[in-house]
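*Asks:* Guided by the hints, dock chain D onto chain X, whose structure is given.
Chains as they are written, first to last, in the UniProt record's numbering: chain X, 1 to 287; chain D, 1 to 159.
All the given hints hold, so there is nothing to weed out.
Calculated pairs, SDA-like style, for lysine to any residue (alpha carbon to alpha carbon, straight line, at most 25 Å): (1) X:LYS283 with X:GLY93; (2) X:LYS49 with D:GLU16; (3) D:LYS143 with D:GLN85; (4) D:LYS143 with D:CYS42; (5) D:LYS118 with X:THR184; (6) D:LYS143 with X:THR184.
In case anyone wonders, no lab produced these hints; they're calculated from the structure.
Bear in mind that the values here come from a model prediction, so they are computed numbers and not experimental data.
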Amino acid sequence: MRYEAPNSVEAAVDLLAATEGAYVLAGGTDLLVKLRAEMLEPDLVVDIKRIAGMKDITAENGGWRIGAAVSGAEMGEHAGLLRDWPGVVEAVGLIGSTQVQGRATLAGNLCNASPAADSVPAMVAANATLRIVGPKGSRDVAVIDVPASPGKTTLAPGEFIASVFLPAKPEHGGDAYLRFIPRTEMDIAVVGCGVSLVLDGAGKVSAARVSLGAVGPKVMLVEAGAEALIGRAPKGDALEDLAAVCSAAATPIDDKRGTVDFRRHVAGVLARRATEIAAIRAKGETA
Amino acid sequence: MSQIHVTTSINGDATEFLCEAEDTLLDVLRDRLGMTGSKEGCGTGDCGACSVTVDGRLVCSCLMLGAEAEGREVTTIEGMATGDQLHPLQQKFIEMAALQCGICTPGILVAAKSLLEKNPDPTEEEVRYWLAGNLCRCTGYDKIIRAVMETAADLRRAS
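If we strip away everything but chain X, and leave its shape as in the complex, we get (with noise of 0.2 Å):
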């Protein structure tokens, strides 16, 4: 295996487009597993830390843009994505521990492609899109478009995710993600669902985007679950539909960590919760 640290992103797409099994390496918490356990045998290794930008969290557009090996613990300790997107920095702080925590980062989340990937629904849920850099150039995608299956993504070769894009949080918004886990902390998900809604001047749910990980083979966008919220007051009858709507959406399978009637279940009862947070928020009340 070969270890290169390129200071471009020109050079690094040069490297990963030239040598098959290349892999990209920002936090590594998950490549250099899957490094010791032999399940990978890169040639190369490309470090993406010393390129200009990947470490930095920029405001833009009202938004924000968030450097490919910005870490977990970077994020929570920064007031503006706190107050913006508390949902995406709750969802991405729930990653592994405190150790873990100081190097995993969103787009190692993603391009890892665990269909229990606590950060992605959070981030589909905000609309959030990827700048993709490769030998074409650079583009714009939108992040339920990346996850192909299990461990794959639609990334082409030569190609990697350079930062991930958080729009301006509308006014009136609010976004919350929850997971369901046996245990308090270090687990993966057995169920994830990540909300962001706005509210009219009257409460009611104007515009809504609701997302599921965990119960099918990728993160999923449950248009049916928007649709239940909007133009009605997020509580009541509408929490009742979009939990009903969520349970028949999901596609979970039965393994050791939940049944697959536990998980269409719990898929309901965390929109409700998730949806009665994010409303919370959108008041400008903290929850």
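*Replies:* Chain D only, in chain X's frame:
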């Protein structure tokens, strides 16, 4: 394959080493630099026995390549005491018997020191969450948590 030449700082000392691309920082510390205080428990980032800080950030040295240490500032358990003078956390762990076999202890001390630098007055819940990535199979954690809380209280009184 030629080895990678890395220049870094470890516990404030300018340090150079040669390593293979595959070597983790933990491999380098233990096998190339003879700094065996950091332990390998799992090697996959679950147990925290290899905890160090890099540029002030708590990380698992088993989840980082040695080559990544170029130009960084690494601190390990070996940098915790000042000569023969133990760090207050180390002293308190002895006084309160907050260890049994000791394998997890270096990682827990490094992690606890990192917490107290960030938050000198943590709640018990905050200590427990912060140290959730440091596994101990002997103590049941209670003495460890109490030792960290007491050290924090002592340091607050002293400052």
